[in-house]
Amino acid sequence: MPKSGLTGSRIREKRISNGMRQVKLAQKVGISPAYLNLIEHNRRRIGGKLLVDLSRELGVEPSALSEGAEAALLEVLSDASAGMPAAKAETPRVEELAGRFPGWSALIAAQYRRSMSLERVVEALGDRLTHDPQLADSMHEVLSVVTAIHSTSAILAEDGDLDPEWRTRFHRNLYEDSQRLAQSAQSLVAYLAANDDDGGANAPAGLPQEELVGWLGARNFHVSELEGPNAVSVDAFLARQDQLTSAATTASFAKTYLERYRNDARQVAQNPLARAMKKEGVNPLALAQGFGCDLATIMRRIACQPEENASSPFGLVVCDGSGALTFKKAIEGFNLPGYGAGCPLWPLYQAMLRPMSPIRAVVEPSGHRARRYLTYAVSQPSIMTGFDMPQLFETTMLILPDDRADIPPDLPVLPVGASCRTCPRIDCDARREPSILTNGF
Amino acid sequence: MGKRVLLIEDEPNIIEAIRFILSRDGFAVDTHSDGSTALQAVQAKVPDLVILDVMLPNRSGFDILRDLRAQAETENLPVLMLTARGQKKDREMAERFGASRFMTKPFSNSEVLKSVRELASL
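So the sequences go chain by chain: L and S.
Just so we're aligned, residue 49 is where the first sequence starts under the numbering used here, counting upward by one.
Just so we're aligned, residue 16 is where the second sequence starts under the numbering used here, counting upward by one.
Okay, chain L solo, but in the shape it has when bound (with noise of 0.2 angstroms):
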C-alpha cells in the first residue's frame, strides 16, 4: 500500500471527529460520497486542488492530511512487527494504526527504539564480561567480599550464643570487608564510568587498542594536526597529548598508529582525496591508483576522512594475521565486537585467504532492521621481516552504508553477524560458541 494512502485515514479520522457526515463533506467538495469513501480508506490517492478543498472544509491545513504520519513512524512500526512476529501484528494494516492512532503508534515506536537501544547495552556488557579481564577481575573481587559479607552477617545474625571472641572476630571481618567492598564498587563504578555509552564497540577505555580508538572517537577519527604541508612531528604531537601518554603501553601503541596515519596522509593528503570522492564516487581500486598508493593505506584514509564536523560515514576494521582485530571504527548498523574475534564471514577473514587479492562482497548484518553494506577487503604483507622469517599479513576491511554506495544489484548478500556471542543467526554454519541472544531477545 503506498505510503500516501494514509491521508485516507486522516481525512476520515478528522471527519468523523468534526461530526460530519460522509455525504455532507462529499457534496461540499463536488464528488461522490463513494468515491469518497474510497478516498477515506486508502484506496485511491488524493492530492491537489481535492486535498486542498477537503482540509478547508476540515478546518485543517491540507499538510496535516497529506503529510500524515512519517514514513519512518511507519518504518519503525514495521521493523517492531518484523522483529516480533510472534505477536502476529496485523503488519498490512500498519498504515491504519498510525493514522488513526497517532500517539500509540509514537508509543510503540518510542518502546521498540528504546529496546533496540537496550538489546545494544545488553550485547555490549555481555560481550565485555566475557572477554574484558578487568571488568571480570572487579566483578570477581566485588562477589567474593560480597559473598563474605554475606556469610559473615548471617552467622553473627542467626547465632544469638556467639562467643564473644568470634562476635568481636566477625563484626572485625564485617568491618573490613564492607570497606573493601565500597573500594571496589568505587573502583567498578570508576571503571565502567571511563567507557562511552556505546558499551564498548567504539570506545571503551581499559586497554591501549581502546583508549587509543575511544580518543580517536573524540575527533571523529581524523587528526588534523598531521595533515597537510604544516603537520607536526608524531613525537611532538604525542607530548601533548596526556591521555595516550598516561600508560607505556598506548603511548607505544599511539605512536605506531600516528607515524602510520602521518604517512598515509602524506601519500594521500586530505584535500584531494575529499575532491576524487566527490568527483568518482568511494571506489578504493581508482582511487589508490589515481594516488598511487596500495589499497589499504586508502582505505584507511577513506576511514578518517571527516564530513561537515562528523566522522566519516564509512567503517574500517583491520587484523593481523591471527585474524585478531587491530583496528576497529564502527559505524551505525554494522556493529563490531568490543572484545574477542569478529564474524568468521566477514570478507576481512576471506580476504585473509587470498593475499594480495582484493574482494568486494555486499553484506547484511544481523539485526532487527535489514541493512546493506558493501565492503572492500585485501591482505597485505605488513612488515618486511627478512629472509626465511614467516611473512607477515595484515588485512584491511572498509566498510561502505548502503546509502552511500553503489551496491551491484548482481552481488550477492552475504548474512553476517558481529561475533557469535551477539549473534542472533542460530543456526549459522561457522557459530563457534553459542549466542547470549538465543534466549534473551
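Quick caveat, the hints were computed from the structure, so don't treat them as lab data.
Where hints are given, some of them may not hold.
Derived EDC-like pairs (lysine to aspartate or glutamate); straight-line CA-CA distance at most 16 angstroms [claimed, not checked]:
# : chain 1 : residue 1 : chain 2 : residue 2
1 : S       : Lys60     : S       : Glu88
2 : S       : Lys104    : L       : Glu481
3 : S       : Lys103    : L       : Glu481
4 : L       : Lys327    : L       : Asp454
5 : L       : Lys62     : L       : Asp127
6 : S       : Lys18     : S       : Asp40
Go by the hints and put chain S onto chain L.
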C-alpha cells in the same frame, strides 16, 4: 573426630566464615590458599571432602580438579566447587572435570553446610 574438610580458598574472611560454620557442625577444617601447591596439600593428607574455589592465585581450581580426578587416590574424592562466575560454561566445565557439586558466590551458609553434609556422607 569429625570428618575432615580441606577448604582451598584465598579469601580470608570467607575461609573464616566457612571454617566457623563447619567446625560448629563437627567437621575438622583445614585450609589452603595457594593454587600452585593445593594439589600437594590434598595429597599430603587426603581429606574426606574438598571445597575448592575456582579462581585461586597461581592456578585455576579447574586445573586442580582435573589433576585430582587423574589420580587414583583422589579420583572419587567429593569436591564442592565454589566460584564467583556462575556462567553456564563454568558449570559445564566443572561437570566435565568431575566436580561433585558446583556453587556460585554469594552462597548461603545453610547451602554450604547442607552440601558438605551430603557429600561427606557419601
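Hints and how they fare:
| no. | hint | result |
| --- | --- | --- |
| 1 | S:Lys60 to S:Glu88 | 11 angstroms, holds |
| 2 | S:Lys104 to L:Glu481 | 10 angstroms, holds |
| 3 | S:Lys103 to L:Glu481 | 12 angstroms, holds |
| 4 | L:Lys327 to L:Asp454 | 14 angstroms, holds |
| 5 | L:Lys62 to L:Asp127 | 28 angstroms, violated |
| 6 | S:Lys18 to S:Asp40 | 10 angstroms, holds |
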